[in-house]
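With the sequences and hints as input, model every part of the structure.
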Amino acid sequence: MIQDFTYLRPGTLQEALSMLAAHKDDSKIICGGQSLLIVMRQGLLVTDHLIDIKGLKELCYIVFDEQEGLKIGATTTHRAIETSELIKQKYPVLVAVEKRLASIQVRNWGTIAGNLAHGDSSGDLAPTLIALDAKIKLASLKGSRIVPLEKFYTGLFETAIEKDELVVEVQVPPLRSGTAVAYKKFNLIENDQAIVGVAAAVTIDRKGTCNDARVVLSNAGVTPIRAKNAEKVLIGKKLADALLVKAGEAASGDAEPVSDIHASEEYRRHLVKVLTKRMVKQAWDQATHS
Amino acid sequence: MEKQLLKLTVNGQEYELYISPKTLLVEVIRDHIGLTGTKRGCETVSCGACTVMIDDMAVKSCSILAVQAQGRHITTVEGLEKNGKLAPMQKAFLDYGSYQCGFCTAGMLMSCEAFLKENPAPTKEEIREGIEGNICRCTGYNSIVRAVEAVVKGNYREE
Numbered sequence: 001m002i003q004d005f006t007y008l009r010p011g012t013l014q015e016a017l018s019m020l021a022a023h024k025d026d027s028k029i030i031c032g033g034q035s036l037l038i039v040m041r042q043g044l045l046v047t048d049h050l051i052d053i054k055g056l057k058e059l060c061y062i063v064f065d066e067q068e069g070l071k072i073g074a075t076t077t078h079r080a081i082e083t084s085e086l087i088k089q090k091y092p093v094l095v096a097v098e099k100r101l102a103s104i105q106v107r108n109w110g111t112i113a114g115n116l117a118h119g120d121s122s123g124d125l126a127p128t129l130i131a132l133d134a135k136i137k138l139a140s141l142k143g144s145r146i147v148p149l150e151k152f153y154t155g156l157f158e159t160a161i162e163k164d165e166l167v168v169e170v171q172v173p174p175l176r177s178g179t180a181v182a183y184k185k186f187n188l189i190e191n192d193q194a195i196v197g198v199a200a201a202v203t204i205d206r207k208g209t210c211n212d213a214r215v216v217l218s219n220a221g222v223t224p225i226r227a228k229n230a231e232k233v234l235i236g237k238k239l240a241d242a243l244l245v246k247a248g249e250a251a252s253g254d255a256e257p258v259s260d261i262h263a264s265e266e267y268r269r270h271l272v273k274v275l276t277k278r279m280v281k282q283a284w285d286q287a288t289h290s
Numbered sequence: 001m002e003k004q005l006l007k008l009t010v011n012g013q014e015y016e017l018y019i020s021p022k023t024l025l026v027e028v029i030r031d032h033i034g035l036t037g038t039k040r041g042c043e044t045v046s047c048g049a050c051t052v053m054i055d056d057m058a059v060k061s062c063s064i065l066a067v068q069a070q071g072r073h074i075t076t077v078e079g080l081e082k083n084g085k086l087a088p089m090q091k092a093f094l095d096y097g098s099y100q101c102g103f104c105t106a107g108m109l110m111s112c113e114a115f116l117k118e119n120p121a122p123t124k125e126e127i128r129e130g131i132e133g134n135i136c137r138c139t140g141y142n143s144i145v146r147a148v149e150a151v152v153k154g155n156y157r158e159e
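Sequence order for the protein chains is A and B. If you read the first sequence in the numbering used here, its first letter stands for residue 1, the second for the next number, and so on. If you read the second sequence in the numbering used here, its first letter stands for residue 1, the second for the next number, and so on.
By construction, these hints were calculated from the structure, which means they are not laboratory data. Only a predicted model underlies this, so the values are computations on that prediction, with no experimental measurement involved. Be aware that one or more of the hints could be misleading.
[As the list claims (entries may be wrong)] Only part of the chain A face toward chain B is listed, based on derived beta-carbon distances under 7 Å:
| no. | residue |
| --- | --- |
| 1 | 2 |
| 2 | 4 |
| 3 | 7 |
| 4 | 8 |
| 5 | 12 |
| 6 | 54 |
| 7 | 105 |
| 8 | 229 |
[As the list claims (entries may be wrong)] For lysine to any residue, the following SDA-like pairs were computed, each having C-alpha atoms within a straight-line distance of at most 20 Å:
| no. | chain 1 | residue 1 | chain 2 | residue 2 |
| --- | --- | --- | --- | --- |
| 9 | A | 57 | B | 57 |
| 10 | B | 22 | A | 26 |
| 11 | B | 124 | A | 6 |
| 12 | A | 99 | B | 132 |
| 13 | A | 99 | B | 7 |
| 14 | B | 124 | A | 100 |
| 15 | B | 22 | A | 9 |
| 16 | B | 3 | A | 57 |
| 17 | A | 28 | B | 116 |
| 18 | A | 57 | B | 85 |
| 19 | A | 99 | B | 116 |
| 20 | A | 228 | A | 207 |
| 21 | B | 3 | A | 48 |
| 22 | A | 99 | B | 117 |
| 23 | B | 22 | A | 288 |
| 24 | A | 57 | B | 70 |
| 25 | A | 99 | B | 2 |
| 26 | A | 237 | A | 288 |
| 27 | B | 7 | A | 6 |
| 28 | B | 7 | A | 11 |
| 29 | B | 22 | A | 237 |
| 30 | A | 28 | A | 158 |
| 31 | B | 3 | A | 1 |
| 32 | B | 22 | A | 27 |
| 33 | A | 99 | B | 128 |
| 34 | A | 137 | A | 15 |
| 35 | B | 7 | A | 1 |
| 36 | B | 3 | A | 10 |
| 37 | B | 22 | A | 137 |
Virtual Cβ for every residue (Gly too), placed ideally from N, Cα, C.
See the structure below:
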């Protein structure tokens, strides 16, 4: 059962930051609560103060410009991202990921920042956004700072958020030309959590050579993992089956998976190998034909 | 724990309640207001039996703090009928046998209503996707999809 707490509902971001500062040792933020309420109900999380930012419309937005790229406000729902024509055009992989995330009901109320701040390494958005080289903007009464998403995860369900900080924005840089990103998770029922997942971003030049690659693994470790050895295999090369096999093997070696009721460590490594091959190929094909 | 004043509208009726802030929306609907059509199926936010609409959005009421519904319009399964007449979707479910034990039915109806509001002419595939957040252990889903298709086709157009 959920333990008692004092409920606080700030009307503005400033108020929220003041409340966070005042209660920095014993408060938790709730937005959509689609992840938080589960752990609270199981008694895994107890807090003296619950600060509800769901109503902060000033943090609910999706904006894009060619220089700065995409900026998504923290309280933007998954559903808003899923149905955004703008995101479908500029970053179609995000729409594809959202369509396979949880369920419509969860996406209607849950938010992007809540998802990222929860820090579940089996999440789909974090690896995809890391492949997109995204950044997170954090605010406190002291000011704001920007953290690359790949540095944001520090441990199992642990993030770089300081006690008096709030996630306010997710930033995705403009895609270089010749870049495509693909993500796929392996699960038994569509839309279930990833047993493992792989996000692959490749940048292909006019001659068909890979200039840049980012391969990020979901649920293959306590945090999303950048499979840097897989990336090294790909950079500077042209597409070939043997190359994909080698990248898959490298990613499998980069993974640090656990065994649990869903899959053994071995099987996870095998899935990483297969999904890396497929997602690199898919992204490569998309980048070549874009 | 200090109680909060919650004002919300459910099926067109306004309510004022004093609740502890940790109360879930499904608890307000079932236990405080007494509308027991909405069901609690799983306690793990997986099954969708607790689905209601907030404004026009399908949400899982077991996964929302009631205080977050402050000032909003909630529709539960009891709110589908108009003047004692069943909604088209409800009639279609009856005709197509889209239920057996009935436990998922309230949530299923709410999800169907919600996605038809967004997409009044879904394909069969889109209907299946529309109910992705609702689990049924009895029917195998086909009779549910057929009922929705019949509504989409206009067989249950209200006079």
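Check your understanding: In ascending order, which of the hints set out earlier in this document are inconsistent with the structure?
Key -> Violated: hints 4, 5, 8, 11, 13, 16, 17, 18, 20, 23, 25, 29, 35 and 37.
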